[in-house]
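*Asks:* Chain by chain, the residues run as shown.
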Amino acid sequence: MLNSGISVITEGINLQRLMGGLLITVRIAFISLAVGCALGILLGLVRTSRWKIVRFACRLYLEVFRIIPILVWLFIVYFGATGVFDIHLDGEVAALIVFSLWGAAEMSDLVRGALESLPKHQIESGRALGLSFWGLYRYVLIPQAVRRMLPGAMNLATRMIKTTSLVVLIGVIDVVKVGQQIIELSLLKTPTASFWIYGLIFLLYFIVCYPLSRLSKKLEDRWDN
Amino acid sequence: MNINWEFIINNVPLYQKAAWITLKLAAFGIAASLVIGLLCSIVLYYKAAGLQKAVRVYIELSRNTPLLIQLFFLYYGLTKLGITLSEETCAVLGLSFLGGSYMAEAFRGGIESVSRSQIESGLSIGLSKVQLVRYVILPQAVAMTIPAIGANCIFLLKETSIVGVIAIPDLMHVTQDLIGMYYMTVESLAMLVVSYLILLLPLSVFLTWLERKVRYAEFGN
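Quick mapping for you: the protein sequence lines, in order, are chains A and B. Counting from 1, one number per residue, gives the positions in the first sequence under this note's numbering. Counting from 226, one number per residue, gives the positions in the second sequence under this note's numbering.
Quick caveat, the hints were computed from the structure, so don't treat them as lab data. There are no misleading hints in this set.
Below, simulated BS3-like cross-link-like pairs (lysine-lysine); rule was C-alpha separation at most 25 Å, straight line:
# : chain 1 : residue 1 : chain 2 : residue 2
1 : B       : Lys278    : B       : Lys354
2 : B       : Lys272    : A       : Lys218
3 : A       : Lys217    : B       : Lys272
4 : A       : Lys189    : B       : Lys305
5 : B       : Lys305    : A       : Lys177
Non-contacting residues of chain A with respect to chain B, defined by C-beta distances greater than 10 Å in every case (computed):
# : residue
6 : Ala34
7 : Gly113
8 : Glu220
9 : Trp223
Note that the Cβ used here is the ideal one computed from N, Cα and C, for glycine as well.
Given these sequences and hints, build the entire structure.
*Replies:* Structure below.
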C-alpha cells in the first residue's frame, strides 16, 4: 500500500513545484548569507576596536541573537512590524531581515575569533615593515583570518539553510509549504502522500546541506596541520 | 503605542504553563541526547565494526536536516506506516534525534582532546583499558566537554520553539494563538521574549561562568 504512494512525487508538476519551493528556501539563505557576511566582516573588525563601549555594543548585539530563538525573531519582525509601525512586511522580506542580521552577528564572532587568534608578532612584523593600517589588514591579517574562519562560515551556511525551513511559519511559500499543498491535494487519492513528501523534503535538505558540511570538514582537516 | 497591561497580567498563567511544557520537553530531549551522544561517541572511539558506519550515517543525517522537517516526518509521515506517536513523544524523539549527534560530536571532541602522551603514560604504568578510561581519559574529557555540552543544551532549549508546529501548546504556539485571537501582537510578542529570556539567560550566564572555571582547571591560570 505504501509503495503505491511514491508516485505522488512525480505526478503532474509536483516535483517541479517542490524544486521551485526549494529554490526560494535556498535563495533566502544565500542572500542573507551574502548580506550577513558583508555586515559581519565589518562588525568583526569593529569588535577588535580599542573602545570598550563599542566592543560591548557589538557583544550585546551578538548575544541578543544567540539567546532568543530565530523563530521568535521571525515572529517579532513579521508580526511586530505590523503591530508597532502598522506596516505589512512580506514574509520573505521579514525572513531576509532576520537571517541577514543573525548571519551578521554570527559572522562577526567568527571574524573576531580569527583576528584575535593571529599571533601578535604578525602585526608587529607588519608594522616593522612599514605597512599602513590598511596595508596591514589587506596583506597580513585578512588573508590569514579568512583561512581560519572559513570552516566556521561553512557551518554557518548549513545552519542558515536548515533554519530557512522555518519561513513556512510566517507564510512564505517555500518547499515545506508546497509540500503541504501537495499533501492536501492528494489526500483522498494517495493517503500516504505525507510520508513520501516529507521524506523527500528531508532528503532534499540533506542533499543541499551535506556537501557544505563535508567541505567545511575537509578545509578544517587540511588547514589544521 | 498603548500597552494593554491587563491583557499581559491575565495571560501570565498561560505563558507559565507553556514555559513548563517547553522546559519539560527540553529536559527529556537533553537527557535522551546525552545518552545517544555518549553511546555514539563510544562506538566511534572504539571503532566498533559495522556500528561505526551506522553511527556516521545517523550523525550526518541528523546534522544536515532541519528539526522542522524531522518533526513533520515523525508526526504526519509515520502515521501512514501505522506508527502513531503522541505529540510529546514526537517532540522528544525529534529533539533527541537532532541533539544526539551534537552531543556525540561534543563527547568525541573531549575524548580526542586528551593528549596521546597521557594515554601512553597511563598504559606504561600498567593501567588496563577500563582503568585508562576511568582514571585518565574520562576525568579530562568531561572537563573539556562541559562548555560544548552546555552550548548544546541552550541550542536544544531554543529548538523547542519549533515543536508548536505539531500542536504542542508551547510558548510559540500560545503566542501565535493569542495574536490570532485578540490581535494583541505587541503584548504577546513581549511576553514571548520575556519568557525565553527567563528560561535562557540564567543558563547562559551559568555556562559562561562554568566555562571560565573549566579553562582554569585546564591551564591553571
